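Chains as they are written, first to last, in the working numbering: chain P, -14 to 328; chain A, 3 to 315; chain D, 28 to 543.
Hints listed in this document are in silico derivations from the structure and should not be mistaken for laboratory results.
Note that the coordinates shown come from a computational prediction; the quantities given were computed from them, not determined experimentally.
All residues carry an ideal CB built from backbone N, CA and C; glycine is no exception.
Incorrect hints may appear among the rest.
Claimed, not checked - Part of the chain A face toward chain P, derived, beta carbon under 10 Å: (1) Val42; (2) Glu45; (3) Leu90; (4) Ala100; (5) Phe103; (6) Gly107; (7) Leu108; (8) Thr225; (9) Met228; (10) Phe241; (11) Lys266; (12) Leu280; (13) Thr287; (14) Pro298.
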Amino acid sequence: MTTITGSKPSIIKSFFPYLIAVLASLVAVGLFIGLMGFDILHAFQTILFTSFKSPNGFTQTLLKFVPLVLQAYAFTIPLAAGKFNIGGEGQLIVGAIGASAVGIIFFDLPMVLLLPLVLLGGIIAGAIWGLVPGWLLYKFNINEILTTVLLNFVAFALINYIATGPWRDPTAGHPTTTPIGAGGFLPMIIINPPLHTGLFIALLVSVGVYLFTTRSTRGYEMVATGANPRAAGVFGIKVKNMFVMSLVIAGAIAGLSGAIEVAGVQHRLIEGLQSNFLILGIIIGLIARGNPLAVPFVAFFIAVLEVGASAMQRTMKIPVEMVFIVEALVLLFVLLSAVVRRK
Amino acid sequence: MTDVNIPLILYLKLILLTMVPFVLAGQGTMVGGRAGVFNVAQEGIMLCSASIGFLASYYTGNLGMGILAAMVVGGIFGLALAYFTTTLKMDQFVIGLALFFVGLGLSTLLPKLLIGVTMTPPLIPTLNNIPIPLLSEIPYIGEVFFNQNILVYVSVLLSIFLWWGLYKTSFGLSLRSTGESPQASDSLGINVTFMRYLASIVGGALIGLAGVYLPMVYTGTFTEGMVKGRGWLAIALTFFGGWKPLNILIGALFFSGVEILAYKVQITALGIPYQFLLMLPYLATIFVMIFTFRKPTVPQFLGQNYDREKRSL
Amino acid sequence: MAEKPILEMKDIHKTFDRSKALDGVSFNLNAREIHGLLGGNGAGKTTLMNTLFGLYKKDSGEITLHGNPVQISSPRDALDLHIGMVHQHFLQISAFNVLENIVLGTEVEKKYSMDLSAENTLIQALQKRFNIDVDLNAMMDDLPMGSRQKVEILKALYRGVQILILDEPTTNLTPQEVDDLFHTLRVMVEEGLSIVFITHKLREVLSVCDRISVLRNGRNVITLNKNEASEEMFVRGMVGDEMDIQNSVIFTHAKSQIGTTKINPEISLKVENVGVTTKEGIQQLKEVSFEIHQGEILGIAGVAGNGQRELAEAILGIIQLSSGKILLENEDLESAETDKRIQRGIAYIPEDRLHDGFLPKASVAQNLILGYHKNDPYSSRGFINWKTVTQVSEKLINTFNIKTSGPSDTGGNLSGGNIQRVLIARAFSRPAILLIAHNPTRGLDIPSMDFIYSKILEEKNKGMATLLISEDLDELLLLSDRIAVIYKGELVGFLDREKFERYEIGRMMSGYRVEA
Chain P
-14 MTTITGSKPS IIKSFFPYLI AVLASLVAVG LFIGLMGFDI LHAFQTILFT
36 SFKSPNGFTQ TLLKFVPLVL QAYAFTIPLA AGKFNIGGEG QLIVGAIGAS
86 AVGIIFFDLP MVLLLPLVLL GGIIAGAIWG LVPGWLLYKF NINEILTTVL
136 LNFVAFALIN YIATGPWRDP TAGHPTTTPI GAGGFLPMII INPPLHTGLF
186 IALLVSVGVY LFTTRSTRGY EMVATGANPR AAGVFGIKVK NMFVMSLVIA
236 GAIAGLSGAI EVAGVQHRLI EGLQSNFLIL GIIIGLIARG NPLAVPFVAF
286 FIAVLEVGAS AMQRTMKIPV EMVFIVEALV LLFVLLSAVV RRK
Chain A
3 MTDVNIPLIL YLKLILLTMV PFVLAGQGTM VGGRAGVFNV AQEGIMLCSA
53 SIGFLASYYT GNLGMGILAA MVVGGIFGLA LAYFTTTLKM DQFVIGLALF
103 FVGLGLSTLL PKLLIGVTMT PPLIPTLNNI PIPLLSEIPY IGEVFFNQNI
153 LVYVSVLLSI FLWWGLYKTS FGLSLRSTGE SPQASDSLGI NVTFMRYLAS
203 IVGGALIGLA GVYLPMVYTG TFTEGMVKGR GWLAIALTFF GGWKPLNILI
253 GALFFSGVEI LAYKVQITAL GIPYQFLLML PYLATIFVMI FTFRKPTVPQ
303 FLGQNYDREK RSL
Chain D
28 MAEKPILEMK DIHKTFDRSK ALDGVSFNLN AREIHGLLGG NGAGKTTLMN
78 TLFGLYKKDS GEITLHGNPV QISSPRDALD LHIGMVHQHF LQISAFNVLE
128 NIVLGTEVEK KYSMDLSAEN TLIQALQKRF NIDVDLNAMM DDLPMGSRQK
178 VEILKALYRG VQILILDEPT TNLTPQEVDD LFHTLRVMVE EGLSIVFITH
228 KLREVLSVCD RISVLRNGRN VITLNKNEAS EEMFVRGMVG DEMDIQNSVI
278 FTHAKSQIGT TKINPEISLK VENVGVTTKE GIQQLKEVSF EIHQGEILGI
328 AGVAGNGQRE LAEAILGIIQ LSSGKILLEN EDLESAETDK RIQRGIAYIP
378 EDRLHDGFLP KASVAQNLIL GYHKNDPYSS RGFINWKTVT QVSEKLINTF
428 NIKTSGPSDT GGNLSGGNIQ RVLIARAFSR PAILLIAHNP TRGLDIPSMD
478 FIYSKILEEK NKGMATLLIS EDLDELLLLS DRIAVIYKGE LVGFLDREKF
528 ERYEIGRMMS GYRVEA
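Turn these sequences into a full structure, and let the hints guide you.
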């Protein structure tokens, strides 16, 4: 997707089309909101500034940022290799299942042991959920869009089973398990408002993905595979391995996002914890045009919008889907701007 | 009639009933694909048309308006897909995903805006069965095949019509050629752009029809996420059917058979937790695809955009 | 020959993105003539005719047919005006049979049942009239190249064209089939057609054309009757002053090397009884055996599609061997995968440069290191040394004259000829024991062709062995020390340089075996 060598085009120049895209979508939705009889200015203020108006708003944004940026990478890494991973949701869910399982089974272990195990449980489970479509692609040439999506549905059924099965919390109204051991909780950076260390993990992953994609030899091979799998294969790159590798890494990262939700936020397995992270992750990945450097910034922006959206629904009764339409429009405009630039 | 046969007849009747969204969405995907346009937005289109079709029926009191609205919505998505890919030459998968998001968002936004959140869901009447005179009175077979709602009949007739259209008319030959080699078609004077737009719009309308079937036949109302992956399954079905209309019809029977089986086994309660039975359609599809992708018969130019002035080397 | 031309193209301009392909070109065609359009690759010949056929839109200029100005904005318009074109790369649908391919896009009698018997009869009559013979019910995919070209010609004749454009029609034909084609062209002219014959081969144009127009760099150079000018004039016209003809490889090498090549006894590549059979049981290579010595150029002649690509890919390890051995400097390559074989010293210039060799979305630098990216000096301990990569890339861009804004320019911005230069630069960027070059100069203009030839000869003198697979017989005759001919996956004969004879090779290309 991107050419990665030493030089980069002027940052201002590459930022401009995004700015236009955001403005255009806000105008479009603004008109719609106005037509429906709501206060446009108040709506915009709420969407854009809730994150910055209070410490709670800001930490909420950072908390949202963590799974979003990880889901985005789970999409962009296979994208670099030319493959579409739509399974981040299922991979997150099984990651959460893996993490909770470890956290419940080894309930009494101290943090120094339990926490890494919990996270590892999520990573491995997610990696397996990415390996399956990867293997099906490798061995049978089955389109990964289909297999990753289908596995999402399998994961939905699976989490429902586990959250209503042997580990279920009988006091909860919604399918939920009993909590994991306290050793599995992610330490908090701030207690009030709550912000967990998953943020550091997410940032670490971002740096890692960036270095991997742009500087490592394997990263080059992955990018070459995505650029032209046939030519890459002719010149010695083991293309099929690249496909599997990218899906496994993606699954692992998505699984990690699930583990972080369990270890940092819920401290148990709750059905529905995957929220709308997948779709937003894909939107982020596409807006960022697959560029690993742009992903965290776009992810943060989307997190701001999401926090603003819930606030807007709470205070102004405007449905959150409005903001979703904004996000979809931003994507559309960003894609269009690439076309315009071509002319 | 003995007691044993009644459940079997009901079972077979249900299969035909449930195959409709698969057939319609599958044929819709196939039609677009035959011109080289690979639609992956089915899930979003079906959700959106289910939502809008339901709302149209609810407010006009007329199921026919709902069907019309759904097909128009689907057609618009098809038009958008054709425009962004054929005219603006953007990546078909990426646009498909973007349209999926738009459809998804609109499908939940519109009911919330128009109806709001209510305790009891608003309902529309469901489609009645239309028994075909004489034929529906044949014992057993008549009940299964000739006493169904109109869209069941439409699905079957549509499939046959598409087979005839694609393979027995010169228009069909031209359409197929644009999906195999637009360069060849273009050089012989065939309007590739027109074919792509037409196929994508018609395909989208069929997918829209598949979507509105769900509220109109299953539940009588629209619920979020009610498509439950059938849009994605339709893509698998199209590959499974080799992009051929009659094979897609037969494949749809298989897909719906598995879906009904999951429910049937639930009722008989074999001791397997029912969640695992819910997984059945999806796992079965994955399994089936192992054989499909061995030697897929796919239109050669599927998923790619054609640019006449692109200089080959 | 009529005095007034039936077709006139006046002052045609066409620009693509940043390059001017046609700079005020004019062309006219008389009735019943075969008019050769001659020039090196990139001269503008195909662009001009694609404009006439409606595939490209001209920026400015006028086209008149029988004295009347016409607007041609699509192939439909061209066909309605009875102008037809046979393209260099056949535009055929492999999923359809021959009959369907021919009638596609025309009014068919039985539109609603596709019973094509009436059309079948018509086409059979056409075949008789023009002395062509193709099985109308065969699947397109099953036909050999020569027959596939006949189908292209039938497509045009069926539509009643008066003017037929042929773009490099002899690319995939044996010398005998070329003669066959020329005969067919003369029959067509006798039946009233006028023909435009695009080629970069002087020899062909002199043997079949009545008039010849030379293009260079998108401009007219000269238009003459065949007998009015010398070969030298036409050559000068094609290359202009860009090339020192007297000292070039193309025009001097042929004469200087006969009998003086001493074969080095060291063997670089040994191919022993190699067979390749696909999963479906198709034998792509059968009992192929040969050796290439250090510093030797072995040419592989043959019509496209007889196993050339499979041979190259087998040596590189992209295709698995079903039988036999391949040894590079006496080391069996069986256990080595493609990346190891490239590392060991095999360089490759693939034929399909875009699909098999180039990464359009990546940068020029990323393209230049493809295949060598895992090793010194580009990579160490798992990380790529981009500084070194950039330095080397800049040097290669310079040496091989690649027109680009720099190592970080996106590959997709390069023109076809420059993409080829990237692949060639890559192949010569590291020392190699063996170079496999498959149609290395296709798409290059004559000075660039000459540059590549001199590079190959330079490395040859340093000991590099070359497997030169080419569908251009002239190229093979120019450079090879020995030529082997491949037919249906088998090597049917070897010829030493002293014994090179065009028609002998042509016979072998059609399957005639020469017993050693």
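Here is how each hint holds up against the structure:
1. Val42: Holds, because the Cβ-Cβ distance from Val42 of chain A to chain P comes to roughly 6 Å (cut-off 10 Å).
2. Glu45: 8 Å, holds
3. Leu90: With a minimum Cβ separation of about 5 Å from chain P (threshold 10 Å), the hint on Leu90 of chain A holds.
4. Ala100: 6 Å, holds
5. Phe103: Status holds, d = 5 Å.
6. Gly107: 4 Å, holds
7. Leu108: Since chain P brings a Cβ to about 7 Å from Leu108 of chain A, closer than 10 Å, the hint holds.
8. Thr225: Violated. Min distance 15 Å.
9. Met228: It is violated, given that the least Cβ distance between Met228 of chain A and chain P is near 14 Å, above 10 Å.
10. Phe241: 7 Å, holds
11. Lys266: Result: violated, 17 Å to nearest chain P Cβ.
12. Leu280: 4 Å, holds
13. Thr287: 6 Å, holds
14. Pro298: Cβ of Pro298 of chain A sits 8 Å from chain P, so the hint holds.
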